[in-house]
Amino acid sequence: MGGYLLRRLLAAIPSLLLVSLAVSALVRLVPGDVVMARLAEGGYVTPEVLAKMRESLGIDRPFLVQYLDWGSHLLRGDFGKSLWTAEPVLPRILTSVGVSAQIAIMAILLSVVIAIPLGVLSASHRESPIDYGARLFAITGLSLPDFWIATMLILVLTLWVGWLPEFRFVAIWRDPSTNLQTTIFPAAIVGYRFSAITARMMRSTMLEVLREDYIRTARAKGLRDRAVLYRHALRNAIIPVLTVIGGQIGVLLGGLVVIETVFSLPGMGRLIFDSVTRRDYPLLQGVVMLIAAFYIVVNLLIDVAYAAIDPRIRYH
Amino acid sequence: MSRTAQAVDPIPIAVPPRLRVPDTARRIVRNPVAAISLAFICVVVLAAVFAPVLSPYDPIGSSIDTFARPSLAHPMGTDDLGRDVATRVIWGSRTSLYVSLLSVALGIFGGATIGLVSGFIGGAFDLIVQRGIDSMLAFPGIVLAMALVAVLGISTTNALIAIAIVIIPGTSRVVRSTVLVTKANVYIEAAVTIGASGQRVMLRHVLPNVMAPILILISAYLGNAILIEAALSFLGLSTQAPEPSWGLMLSGTGRRYMETAPWLAIFPGLAISFTVLAFNMLGDVVRDVLDPRLRGT
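Just so you know, the sequences run in chain order A and B.
So that you can map any letter, position 302 of the first sequence is 302 in the working numbering, and since no number is skipped, the others follow by simple counting.
Position in the second sequence (first residue = 1) + 1000 = the working numbering.
This is chain A alone, in the form it adopts within the complex:
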């Protein structure tokens, strides 16, 4: 197991190198730079001053020099400073990770609570009104744009309830009630979408498992339906569902950009959006490297979780 983990982590190094090179090159292909982005906010500056600004930021150097400089600092744990605000990149990213992680965790918890019983019920009552209802719930969740649900929700709250949640994000340890007001609706909307995906997956894997011989054996032994469903079938059917849930954790890294925009949340999606529009190279590169590393670790953890749930799976 230890050797397996080590080999998987070593295999991640070329992927990370590739990602770092690709993102550094791509972000410089975006027309314009941070100096021009700042100018877009107004004002007139002579070309000499522009050149001076570029020189002081170091973005006038050749690409490879910039890349190697940034990379060597990164290896020493230094993510550099934002070109836009000059604040250190890492703390800025971690704040945003916190916001997105909170939404994602709340959404995933909600979706698991809804989706797993729903998927199991849907499969065990196939072609019944319960099944049709669950499937309609799921496919609607996949089809409605999240920003539209959000807009409709805000509309209903203002027009009929006459109350609107706070739109100014506060960390949960500072002011839990304000924090929950700002996060509960986005988390519910994202959770609905997640539960749609998870419930569909749960239903189809459950249907496959329910056809297996050992399920018939369990029923023949005279076990109650609940025991067969939850003790025998669910345990096997849930493995592919875990992959889906794991994939949803990845969404917290920027995938919530639209919902964060609607609810004015300073999450990862907004951070990526802003760092691209401002051509803030170190910030974007730092974000992307963290996402890639995170993605690799999560995938590894999912594989390890398989082995924990299914004793037939062993890694060497």
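These aren't lab readings, by the way, just hints derived from the structure by calculation.
Possibly wrong hints are sitting among the right ones.
[Stated by the list, open to error] Computed beta-carbon distance windows for the label pairs:
#1 1065/B with 56/A: 50 to 58 angstroms
#2 166/A with 1260/B: 17 to 25 angstroms
#3 1046/B with 56/A: 54 to 62 angstroms
#4 51/A with 1122/B: 48 to 56 angstroms
#5 1062/B with 32/A: 26 to 34 angstroms
#6 45/A with 1203/B: 52 to 60 angstroms
#7 50/A with 1204/B: 53 to 61 angstroms
#8 1204/B with 8/A: 36 to 44 angstroms
#9 1198/B with 126/A: 43 to 51 angstroms
#10 40/A with 1204/B: 54 to 62 angstroms
#11 1198/B with 91/A: 51 to 59 angstroms
#12 54/A with 1045/B: 49 to 57 angstroms
[Claimed, not checked] Chain A stretches covered by chain B per the calculated footprint, using a threshold of three residues with CB under 8 angstroms from any CB of chain B:
#13 250-256
#14 270-283
[Stated by the list, open to error] Away from chain B, derived, C-beta distances all over 12 angstroms, residues of chain A:
#15 38
#16 54
#17 72
#18 74
#19 105
#20 110
#21 121
#22 129
#23 166
#24 174
#25 175
#26 181
#27 185
#28 226
#29 242
For glycine and all other residues, C-beta sits at the position ideal for the given N, C-alpha and C.
Given the coordinates of chain A, work out where chain B should sit on it, guided by the hints.
Below, chain B alone, put in the same frame as chain A:
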């Protein structure tokens, strides 16, 4: 699949059998859910094609009749510039369908080609390509699309290209795994033994087996492409004002005047929702018909 048929053939087939078009089409259309969805999609397609004939007003030109409530003259009301919302919803279907159909066509073609070649050749080539695909899959689709639009420049066509690129990695994965399973069949070995060229084996013997998963992918991505385009428009990264687009109508006037003129947010959202719902429900039926593992479920 009936219970007896299953007893005879207990080995789950990972690769769907060859696609037989007339049979498949008949089975899809016979399903009432698919029939209703198809009918709705036809309505949207016709609205897009005949937009200039159907719409009573100019989709871009403004009028003095601003913020009119939904009425007989303006079934979906008018917006801040006095433009008829119904007209703009009809014209907006053009943007959504144009982006969705073309991006899915491009993305599936690109992804399937990469998956087919990479899986068929195997070896170091496959390894390198798959690492590239891995790094694309590390990012949520919307983030990848956002970054690509930033590089390419903001326009509807560039959003289309970005969505096509987002579709490539997932498609190539699915196609590649089907190719790997197919390659293990004895008839492939037989074809190689009697001297068929690599190209012939790939195109004549492997490709037909990949068609069913490709069709499933197409039907799954059509609705998704509309959603991504709407999200990009919403972020200001696709169609630009004053062109009519569902996502843009929602993000601009729809949200700004939400409280005083809710119809500006309701109708474009309904248009997106119903269209995507129709594509997704059709996609589900296509998958059920083509994927033997799910047959009878």
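Do the hints match the structure? See the list:
The hinted window of 50 to 58 angstroms between residue 1065/B and residue 56/A holds, with their beta carbons roughly 55 angstroms apart. Taking the beta carbon of each, residue 166/A and residue 1260/B are about 22 angstroms apart, inside 17 to 25 angstroms as hinted. Checking the proposed 54 to 62 angstroms range against residue 1046/B and residue 56/A shows it holds: the Cβ atoms sit about 59 angstroms from each other. Residue 51/A and residue 1122/B have their C-beta atoms about 51 angstroms apart, which keeps the hinted 48 to 56 angstroms range intact.
Taking 26 to 34 angstroms as the suggested C-beta distance range, the pair residue 1062/B and residue 32/A conforms, at roughly 32 angstroms. Checked against the hint of 52 to 60 angstroms, the pair residue 45/A and residue 1203/B passes, with Cβ atoms roughly 59 angstroms apart. In this structure, residue 50/A and residue 1204/B meet the distance hint of 53 to 61 angstroms, their C-beta atoms being roughly 60 angstroms apart. The supplied range of 36 to 44 angstroms is met by residue 1204/B and residue 8/A, whose beta-carbon atoms lie about 38 angstroms from each other.
A C-beta distance of roughly 45 angstroms is found between residue 1198/B and residue 126/A, which places it inside the suggested range of 43 to 51 angstroms. Separation of residue 40/A from residue 1204/B is about 55 angstroms and conforms to the stated range, judged on CB atoms against 54 to 62 angstroms. In this structure, residue 1198/B and residue 91/A meet the distance hint of 51 to 59 angstroms, their C-beta atoms being roughly 54 angstroms apart. The supplied range of 49 to 57 angstroms is met by residue 54/A and residue 1045/B, whose beta-carbon atoms lie about 50 angstroms from each other.
Only residues whose C-beta sits within less than 8 angstroms of a C-beta in chain B count toward coverage, and the stretch 250-256 of chain A has 5 of them, enough to reach three; the restraint holds. Proximity of the stretch 270-283 of chain A to chain B, defined as three or more residues with a beta carbon under 8 angstroms from a beta carbon of that chain, is established by the 4 residues found. Even its closest Cβ contact with chain B, about 17 angstroms, leaves residue 38/A beyond 12 angstroms, as expected for a residue assigned away from the interface. Every beta carbon of chain B lies more than 12 angstroms from that of residue 54/A, the smallest distance being close to 20 angstroms; the non-interface claim holds.
With a least beta-carbon separation of about 21 angstroms from chain B, residue 72/A lies farther than 12 angstroms from that chain, consistent with its non-interface assignment. Interface exclusion of residue 74/A from chain B stands, the closest Cβ pair being 17 angstroms apart, more than 12 angstroms. Every Cβ of chain B is farther than 12 angstroms from the Cβ of residue 105/A; the closest lies at roughly 16 angstroms, confirming the non-interface assignment. Chain B leaves residue 110/A outside its interface by the beta-carbon criterion, the shortest separation being 19 angstroms against a cut-off of 12 angstroms.
Residue 121/A, annotated as away from the interface, keeps every beta carbon of chain B farther than 12 angstroms; the closest lies near 15 angstroms. Every CB of chain B lies more than 12 angstroms from the CB of residue 129/A, the least distance being 15 angstroms, so the non-interface label holds. Residue-level check passed: residue 166/A sits 18 angstroms from the nearest beta carbon of chain B, beyond 12 angstroms. No beta-carbon of chain B is positioned within 12 angstroms of the beta-carbon of residue 174/A; the least distance is around 28 angstroms.
Against the 12 angstroms criterion, residue 175/A stays outside the reach of chain B, whose nearest CB is about 27 angstroms from its own CB. Distance to chain B confirms residue 181/A as a non-interface residue, since its nearest Cβ pair spans about 19 angstroms, more than 12 angstroms. No Cβ of chain B comes within 12 angstroms of the Cβ of residue 185/A; the nearest lies about 15 angstroms off, and the non-interface call holds. No beta-carbon of chain B is positioned within 12 angstroms of the beta-carbon of residue 226/A; the least distance is around 22 angstroms.
Residue-level check passed: residue 242/A sits 17 angstroms from the nearest beta carbon of chain B, beyond 12 angstroms.
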